[in-house]
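If you're matching them up, the sequences are chains A and B in order.
The working numbering puts the last residue of the first sequence at 224; the count rises by one with no breaks.
The working numbering puts the last residue of the second sequence at 224; the count rises by one with no breaks.
Quick caveat, the hints were computed from the structure, so don't treat them as lab data.
One thing to keep in mind: the hints can contain errors.
Computed cross-link-like contacts, DSSO-like style, restricted to lysine-lysine with a CA-CA straight-line distance of at most 30 angstroms [said to hold, decoys possible]:
| id | chain 1 | residue 1 | chain 2 | residue 2 |
| --- | --- | --- | --- | --- |
| 1 | B | K97 | B | K17 |
| 2 | B | K136 | B | K97 |
| 3 | A | K205 | A | K125 |
| 4 | B | K136 | B | K4 |
| 5 | B | K4 | B | K46 |
| 6 | B | K188 | A | K125 |
| 7 | B | K46 | B | K64 |
| 8 | B | K97 | A | K75 |
| 9 | B | K97 | B | K46 |
| 10 | B | K4 | A | K125 |
| 11 | B | K64 | A | K75 |
| 12 | A | K75 | A | K125 |
| 13 | A | K121 | B | K136 |
| 14 | A | K121 | B | K17 |
| 15 | B | K46 | B | K188 |
| 16 | B | K4 | B | K97 |
| 17 | B | K188 | B | K64 |
| 18 | A | K217 | A | K205 |
| 19 | B | K136 | B | K188 |
| 20 | B | K17 | B | K4 |
| 21 | A | K61 | A | K217 |
| 22 | B | K4 | A | K121 |
| 23 | A | K121 | A | K217 |
| 24 | B | K136 | A | K125 |
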Amino acid sequence: MIKPLTRNQMAWRAAQDVADRSYVNLGIGIPVLVANYIPRERSVMLQSENGILGIGPAPAKADIDPYFVDAGGQKVSLAHGGMLTDSVGAFTMITGGHIDVTLLGAFQVGYNGDFANWDAKLPNKGPLVGGAMDLAAGAREVRLIMAHTTREGEPRLVAACTYPLTARGRASRIYTDLAVVDVTPSGFVVREMVEGMSAGALAAKSGAPLAFASDCKTLAAPDL
Amino acid sequence: MFDKRVETAAEALAGVKDGDAIMLSGFQRIGVPDHLIMALIETGVKGLTVIANSTGAHGSGIAKLVAAGRVERIVASSARGQGAEMTPFEMAWFAGKIGLELVPQGSFAERIRAGGAGHAGFYTPVAVGTDLAAGKEERRFGGRDYILETALTADFAMLRAERGDRYGNLVFRGSQANFGPVMATAAKITAVEVNHLEEDALDPHGIHTPGIFVDRVLHVPGGA
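Chain A on its own, in the form it takes in the complex:
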């Protein structure tokens, strides 16, 4: 029986790749959970596009300061060495290439690194682009955290995105509940798969050809 990773385990796996002394922007959804799993010995500055550089741990109820929220509207604290700026300052960090890595959610990603994460074309919901396109174009590296398939089992790793694009060719690594996949000049390359998953079974859940790294590893995460 194959056990897909939980949301927390996907966030944990992505967190293991966040480098020491890096500046990181986490998108809403699973990506913000990454903050909980960055190894303690690594010093990382988390940026929020509403003007916070250096988000700290979630504050205890008694310590909540209503003036401090992140991009998703969650109450946050400021880390040691953190600072505040306005939207122009925050987006200068983002579009100017000063953010080392952004971790974002996505509906679909193409084997060429195109991805879609801002408009699901829902019949009763307006569009929301927020800072997604700015991060996609400007961060030095764009990594995605997403379920490998839709709830109906349709692939999210595809030959060509059908949802409106966020950016072309910018995704470099994908963490799914089944695998860690790199986007390379020759397409998707699987680096890790969950235990018991075969190459054929993963390919069947993907909408574009997969190559497998010669040292393809088991994707494992602690119980979280």
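Since the structure of chain A is already known, use the hints to place chain B on it.
Showing chain B alone in chain A's frame:
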């Protein structure tokens, strides 16, 4: 003698008229000039173009302004409400009764910055190859594609800040600054509600928005 303090919201909004473009600061309910927005509704002006990051969550001032039928068009990065219930904007938009110009959040901030700084626009890599680049001039610089984004200006900017003085100097707190400082630069008249209105001048080393960009300051105690 410089004295930009006003006694009432009506004085702060004097001169606002039908068809005006109005910039409203705020991100996720922080830094939103709720008092001035309620006063704007009371003036009865209509046909407004609202320039704000979001089209308004349930119960927000912008949602009330839209629900009152005063807004013709909104320029924003987010037009989606949270939760299942549609926002007043979403209802009006799906009914074809209100216009929307959706802009990536960093381009939104930078367009306002261009407006405030006297520039006609700028070329950005953000949104290249996406639906939000439709109709925009594309140009290649140094091997990368960029689109032309044009400046945004307004008749009025309405902001909320933590502190102000009679010179119009402003200080923000926490994540409250967001679009406030840049919007202050890009409107013919900038009206600000502040939690604390100082009799004396603010410490010049800590000022976020210089008084040259501010026309009217109203004391409205009450948090973020």
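Are any of the numbered hints broken by this structure? If so, which, sorted upward? 4, 6, 8, 10, 14, 16, 21, 22 and 23
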